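Participant: Chains as they are written, first to last, in the numbering used here: chain E, 1 to 69; chain U, 1 to 69; chain W, 1 to 252; chain H, 1 to 252; chain L, 1 to 189; chain Z, 1 to 189; chain P, 1 to 362; chain V, 1 to 362.
A portion of the hints provided could be inaccurate.
Here are the simulated distance ranges between beta carbons [as the list claims (entries may be wrong)]:
1. V160(L) - E352(P): 44 to 50 Å
2. N41(W) - T159(Z): 40 to 46 Å
3. E229(P) - H85(Z): 49 to 55 Å
4. Q121(Z) - N201(P): 51 to 57 Å
5. E45(E) - K122(L): 32 to 38 Å
6. K158(L) - H220(W): 39 to 45 Å
These are calculated hints, taken from the structure and not from any lab test.
Owing to the predicted nature of the structure, the values given are computational and were not obtained by experimental measurement.
Built from N, CA and C at the ideal position, the CB exists for glycine as well.
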Amino acid sequence: MGRIVIDREVCKGCYLCIKACPKGLLRKSKESNLHGDFPVEFNDEKNECIGCAMCAMNCPDVAIREVYR
Amino acid sequence: MGRIVIDREVCKGCYLCIKACPKGLLRKSKESNLHGDFPVEFNDEKNECIGCAMCAMNCPDVAIREVYR
Amino acid sequence: METLVYKRPESLLKDGHFTFCPGCGHGVVLRIIAELLDEFNLQKDTIAISSVGCSIFLEKFFNLDVAGASHGRSPCVATGVKRCKPDKFVFTYQGDGDAATIGFNETIHTACRGEHITTIMINNTNFGMTGGQASATTLVGQVTTTTPAGRKAELTGYPLHAAEIISKCDGTAYAARVAITSTKNIIQAKKAIKKAFEAQINGLGYGFVEVLAACPTNWHMTPVESVEHIDKVIETVHPLGVFKDITAQENK
Amino acid sequence: METLVYKRPESLLKDGHFTFCPGCGHGVVLRIIAELLDEFNLQKDTIAISSVGCSIFLEKFFNLDVAGASHGRSPCVATGVKRCKPDKFVFTYQGDGDAATIGFNETIHTACRGEHITTIMINNTNFGMTGGQASATTLVGQVTTTTPAGRKAELTGYPLHAAEIISKCDGTAYAARVAITSTKNIIQAKKAIKKAFEAQINGLGYGFVEVLAACPTNWHMTPVESVEHIDKVIETVHPLGVFKDITAQENK
Amino acid sequence: MNGDMSVIISGFGGQGALFAGILLCHAAVVEGKHTTWFPAYGAEMRGGAVNCSVNISDSDVPSPIIDEADAVIALNDASQEKFEHKVKAGGFMIINSSLSHLKTKRTDINYIKIPLNELAQKLTQPAFVNVIALGAFLEKTKILKIESVKEVMKEMAKTVSAKKAALLPNNLESIEFGANIIRQQMVTA
Amino acid sequence: MNGDMSVIISGFGGQGALFAGILLCHAAVVEGKHTTWFPAYGAEMRGGAVNCSVNISDSDVPSPIIDEADAVIALNDASQEKFEHKVKAGGFMIINSSLSHLKTKRTDINYIKIPLNELAQKLTQPAFVNVIALGAFLEKTKILKIESVKEVMKEMAKTVSAKKAALLPNNLESIEFGANIIRQQMVTA
Amino acid sequence: MAKVLVKGNEAIAQAAINAGCQCYFGYPITPQSEIGEYMGEHLPEMGRVFITAESELASINMVIGAGTTGTKAMTSSSSCGIALMQEALSAMCCAEVPGVIVSVMRGGPGLGNIAPAQGDYFQALKGGGNGDYKIIVLSPSTVQEAIDLTYRAFHIALKYRNPVMLLADGVLGQMMEPAEFGEYPYKDPDVTQWALDGANNRPARNIVSLHMPEGEMEMLTNRIFKKYEEVAKNETTYEDYLLSDAKLVLTAFGSVARVAKAAVKRARDKGMKVGLFRPVTLFPFPDKDLHDTAKKANMILDLELNKGQMLLDVRSAVFGACPVEFYGRPAGGLLTPDMIYNKIAELYAKLENTTKTEAGVR
Amino acid sequence: MAKVLVKGNEAIAQAAINAGCQCYFGYPITPQSEIGEYMGEHLPEMGRVFITAESELASINMVIGAGTTGTKAMTSSSSCGIALMQEALSAMCCAEVPGVIVSVMRGGPGLGNIAPAQGDYFQALKGGGNGDYKIIVLSPSTVQEAIDLTYRAFHIALKYRNPVMLLADGVLGQMMEPAEFGEYPYKDPDVTQWALDGANNRPARNIVSLHMPEGEMEMLTNRIFKKYEEVAKNETTYEDYLLSDAKLVLTAFGSVARVAKAAVKRARDKGMKVGLFRPVTLFPFPDKDLHDTAKKANMILDLELNKGQMLLDVRSAVFGACPVEFYGRPAGGLLTPDMIYNKIAELYAKLENTTKTEAGVR
Ligand SMILES: Cc1ncc(C[n+]2csc(CCOP(=O)(O)OP(=O)(O)O)c2C)c(N)n1
Ligand SMILES: Cc1ncc(C[n+]2csc(CCOP(=O)(O)OP(=O)(O)O)c2C)c(N)n1
Ligand code: SF4
Ligand code: SF4
Ligand code: SF4
Ligand code: SF4
Ligand code: SF4
Ligand code: SF4
Ligand SMILES: [Mg+2]
Ligand SMILES: [Mg+2]
């Protein structure tokens, strides 16, 4: 059971993490951040996150700051 | 039966032709030329030259101007 | 109890954030480098050489001493630094324009000299910073701002294969081409960069890692399309692989 | 009746003579080039690019139009010439310092572009003209004026293998290393240069021939010792061979 | 209003500040006026600040660089901050109130606050905040005819890619909409 | 002869014109004099012309470049041709008559013709025409002591390769022989 | 032909095409990459040559190759890129190879920044190449002039067999204004007398820059400097803007000159006798004309986007005929009409209070 | 220490070693290859760094690397080799990287020839790098001074964190004369405050030349030019040879100055009031001193082995205080004492016949 921390102001909305997450736990947010980008949000209602950090590894902006397992 | 023409003023006395001639028909001259080099001379008393032009091919200075066969 | 399995590497500046475009490959590679510096505990002993291209602002990203080089010359600057500070860890971070186009001579001769430095070359097959013109690694057919009709081999020739050539230099200890297009490839890329770092740390010679990376902005693709493009198209021209690894030979 | 089986090639200047030292390898290669220009009847249609090194005075040897390049840049000058005069025959004549040291980037990128030109590179493993300093192709252990104690790999690395690297460029049609140390080798060398010329004539791409040649003066050897040194020592480091020949591949 | 006009259009990369200026200049040429366009770029790759200075005149324009502008169009807060002091006394500033909540600082100029991003949502998508602002600017100044800009848009559509050309109706709608904002005084001061 | 002397030594590459000048300068230093040596090289790789200008003086030598030389040593014909006009009126020129059969052109200078190459054959081989000429020059001018040059030769032999050091006796013999040429007037005028 | 709205960089590129430029060799650099991009789009279509070279070193040497065949060729770059061309530029002057180089200055030194600047006056005019040589340098102030001088550059490069540099700054390269292309107005000289095209039934030719025999280089250099005197006689060009009665004369080149004009206009409105002397050719520099102008003036104010580079030529030309003041900003700082006007007002006030002053030393 | 007979090039090399030069990076070129050869022989033995770089571009950038660590490093080259270093030199000044560059001028332009010349004054002083920057340039006239100025070069490079060039000509590089090495006489500044050696328990440092934020480069340039004012104040050096009553003042640098001295001596013997003003620092140029000298003189005769390069600085400094004449030979032609003497006699005769003349225009 895992958890991730996203810095939504740093996220640029490239969505490579969405592609990377084996559990499909990331999605585009509906609200833009201060830069006008639509960051991703962590959506793990069913506690599926395995803390594999694949999302973080694929993030070009280190916007996924922490991953817990 | 061959023959070669050496330009003794152009010859710089490197003696690569001596090394190249399969018949040993070239030798260092005893007199220097105007540049102070001791050119080679063609010494084919027994008419051994086969006109193979190996001497000319090895000459870095095109000092062996002509080869006849 | 929750354990922290991943965090932002310490070798990055606390408040620094990358100024790259969304989905730009530079970010992933810089993070990998920072992670490795953390793992090797090298942050304090590193001098990084920045080069001219989108990554020019290394000092704004890394908590490292940084010397800036002119376009293509970072291997020389690195050589000067390393020869004066042989105990320090010295790497150059360059683009394909920098390391393989204007500066390929410097790269090659540094490799031949077997300098104990490491070069990470980000190959996004174009000059990213100046707006996406064709570089020496641009694919035949690739549309760039200087080849709007696609690069034509008859007119401007063929892409240069940097890692392969560098592997032919006798001073090279390690040369590889990797990509960062998937978790698997990212893990591979990190391994390769680690190997190249170790070549320096162990005094074996020059380490060179070419990383195929996305430039979504100039490719006019989304980031996701871009990484797919690398896997599907670019890797057929610039194949992934380890082209030289003198430790592997020793092991044999 | 006597037949003339060999004469001084017409493409050499009538009154020109080489200003090289006795036994210098440049002379043999220039003669081979002149012979081939005669054979291909190209004298009238050739523009030769001279480079900086002992061979710089091409215009004093050849009865050819000559453009002089700065040190290392003759492939660029040749490119400019050839692109403007695609029907002319264009070759560069360079040393190892010129083509493989300061100018190796130009050589490589010209090869990658597949320019329809030919490069003859005389590798005498040093800077002849300036007095025998170490170049990129200098052997480990070789004594030169800048390595009076012999080139040390730990300090200045390893020799660069030009022909091998050029063969890795996709625009290269032909790349070979030859020597002119014996009649047999001279015949081979001429064949290689002929192949490289044909690559241009037939529009196949870039031709590159590296010729191992003696520099007796700076090697402090007699000419005869020098050619023996090439065969015995230099060829073990810079091996002879054809590293790329796209016509051979086609034939297969 | 006489025939001379200097305007600075500023925003972050992607908002089209530069393009709005280009449209304006082209329209000036259509009307036979003298004009200059001069861009400036920021340091960042992502979302960097950009702006352009546009002069329109009946006679020669010596300096493309503007000391004091008759008008400033600020498409975001940073632009407002940077250029507020550049407006000539008596001039005006268009502010994108969707992205800027900064207090205005001057009393000797007019402010035209338009919630450009919000208004843009009401149009056929995509709609263009830069073009909307340009429409407003032209209606306010009457320095050039809206029709001239439309003509330019149509001409441009002929030479660009089909994908871009397809946006012509959106552009035409945006500029007209921008003009209407002024006509209908949908602005806050 | 006062303490000032300017001499040009010239020949083709390999004849040692430059080295003769260096010996001279070193000897000047040994005797605590001021001195300059300045070389010039020709364009050819093979047998190109080389020369050096040497000044010896009791005071500062401002110019290493010589307009008019007190003496010229011409080791071959080309050197004679090139430098004959450079000799100061009243000065002299040593000519290597083995390699030069040119007519002399001036009446206001002295000529010392020495068949250097032929004479060298008489010495322990190898013998050095440049050093022989230097010996003659010194004996003629007495500007420096032959002994000083010998001292320099001995010092030099200590720092060079064994192969070169082995030539010390030949050098010593050559210089002495050169001096003897003058002493015994084995010259033609 | 009608006026079209065109960006400086693109105007230069199109003008080069109109001038018959057959080859473009270049390496991208801001703020002039549009030139290469424009060429990359258009030249191949026209069957002309376009190569993105591996470096600026390569570009300029390709230009040399083209030049030796008498073909019109061009490269363009900026600041640090131009720095890499210095060896070749010197060699070109020596071997008398024609070619056109466009330099669009950005902020320096070093990588500097990409803002407009004029810090490369020394680079263009005094060069970092070795030896005595001169590049002919043309300095446009408007987009129209960029077109006209591009035409002229191609012509005189061939005419004098010398490199010609179009020295623009980032303002001019990046700005747009309406301009007219017209037709290439020159009749170019015959190149067949010297160009390389194979020694077919004529003596072989060579175009080289090494000349070892004693005295040969000196003679050559002197001959080339005679040619430069010709160039000076025929080509020296400057703009006289309200100089006839000017007490305070501004000197400025390129985009600064047009900004200065705005300030001069304002000063004239206020009754100040101010004029502008704008060198159009930076080499040949209008020494004599400037000296004569200075003799009639009370003061010269040199304006540049640098720390004072043309200033040296101005001082040498003025040579004490009147005092010379300098006002400039380096490395991307811009001079605006206001700034210049204020400086004018300040100096003019002083002038009113003094008579002709003694020459100052920089 | 006793005087030894030493060749200019080797004196420079040995002086560099004495000065504590830890690294030499270079690429051979006549007439200075002896410097690299000397270093290649001695540095490795001493455990110091010697690399024959792949080019001059590489050499100077290696010097930069060494310089960023605060290590004393040097390169040497000639003419076309120095041309290739221009980009890096500009970057060094911008990033404030110390380093010593020895330039031994040969005949130019282009490959030119290998004869001594002074055609690279502009190259050294005005540069081909981009932007506003200054290299400190020291010009020795004797082998002794070559040693002393090499010492000084290493010191002030570190002191001001700027490249320093020793500008010698082929005469000085190739000639031998007795000289004394002595000890390196300077106490060098502490570099640990800025040098790169890993961000260990201190904030990370950077030494870079790109500064994009608006105004940053301008501030930086202005600060560096303030530093240059410091340099000018502290370091400006020239030699005054019989100037006090001179009516005709010769200006010359490097080896020409010593030849000129011989001519001055002769002229003085003939009763002519002639003197020599020899700038030792070419940047900082002794403007003010020269101007003051010119004010007292009736004429200046500038002598150079080129077509008139320092002349521009001389004219700017003199600025009309007296007329300036030029006499020079380019591309390997030498000035001899006779030639200079004759020119002196010619001009002096004119001077005697006129009073102070009006300032001419070059
Ligand atoms: C000498 C020189 N030439 C050109 C430039 C302009 N320039 C800056 S970045 C760049 C290209 C960078 O491309 P690359 O190295 O591939 O890096 P990327 O931006 O793609 O990561 C160029 C050509 C320069 N700064 N200096
Ligand atoms: C830019 C530049 N650097 C250095 C030189 C000096 N230089 C002249 S020839 C030469 C070396 C030539 O060596 P190579 O190319 O191997 O030719 P070789 O004489 O051995 O045949 C050098 C370094 C130069 N002319 N230009
Ligand atoms: S840690 Fe793994 S499972 Fe969790 S969000 Fe990231 S990628 Fe998905
Ligand atoms: S990968 Fe990073 S930047 Fe991209 S969308 Fe995910 S969190 Fe945001
Ligand atoms: S032709 Fe052949 S046989 Fe005759 S001399 Fe030459 S090498 Fe000897
Ligand atoms: S090879 Fe040629 S140069 Fe050498 S000795 Fe024989 S003839 Fe003479
Ligand atoms: S232009 Fe390309 S390489 Fe540069 S930051 Fe953007 S995506 Fe990355
Ligand atoms: S120095 Fe060497 S390469 Fe040059 S001419 Fe002499 S032998 Fe040939
Ligand atoms: Mg790239
Ligand atoms: Mg060689």
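Participant: For the hint 40 to 46 Å, verify it against the beta carbon of N41(W) and that of T159(Z).
Facilitator: Check failed, 50 Å falls outside 40 to 46 Å.
Participant: Can the suggested window of 32 to 38 Å be confirmed for the beta-carbon pair E45(E) and K122(L)?
Facilitator: 34 Å, holds
Participant: Is the hinted range of 51 to 57 Å satisfied by the C-beta distance from Q121(Z) to N201(P)?
Facilitator: Hint holds: Cβ distance 53 Å, inside 51 to 57 Å.
Participant: For the pair E229(P) and H85(Z), does the Cβ-Cβ distance stay inside 49 to 55 Å?
Facilitator: For E229(P) and H85(Z) the Cβ distance comes to about 32 Å; the hint is violated.
Participant: Could one say that the CB atoms of V160(L) and E352(P) fall in the range 44 to 50 Å?
Facilitator: 57 Å, violated
Participant: Do the beta carbons of K158(L) and H220(W) sit within 39 to 45 Å of each other?
Facilitator: Cβ of K158(L) to Cβ of H220(W): about 22 Å, so the range 39 to 45 Å is violated.
The structure fails to meet hints 1, 2, 3 and 6 from the earlier list, while all remaining hints are met.
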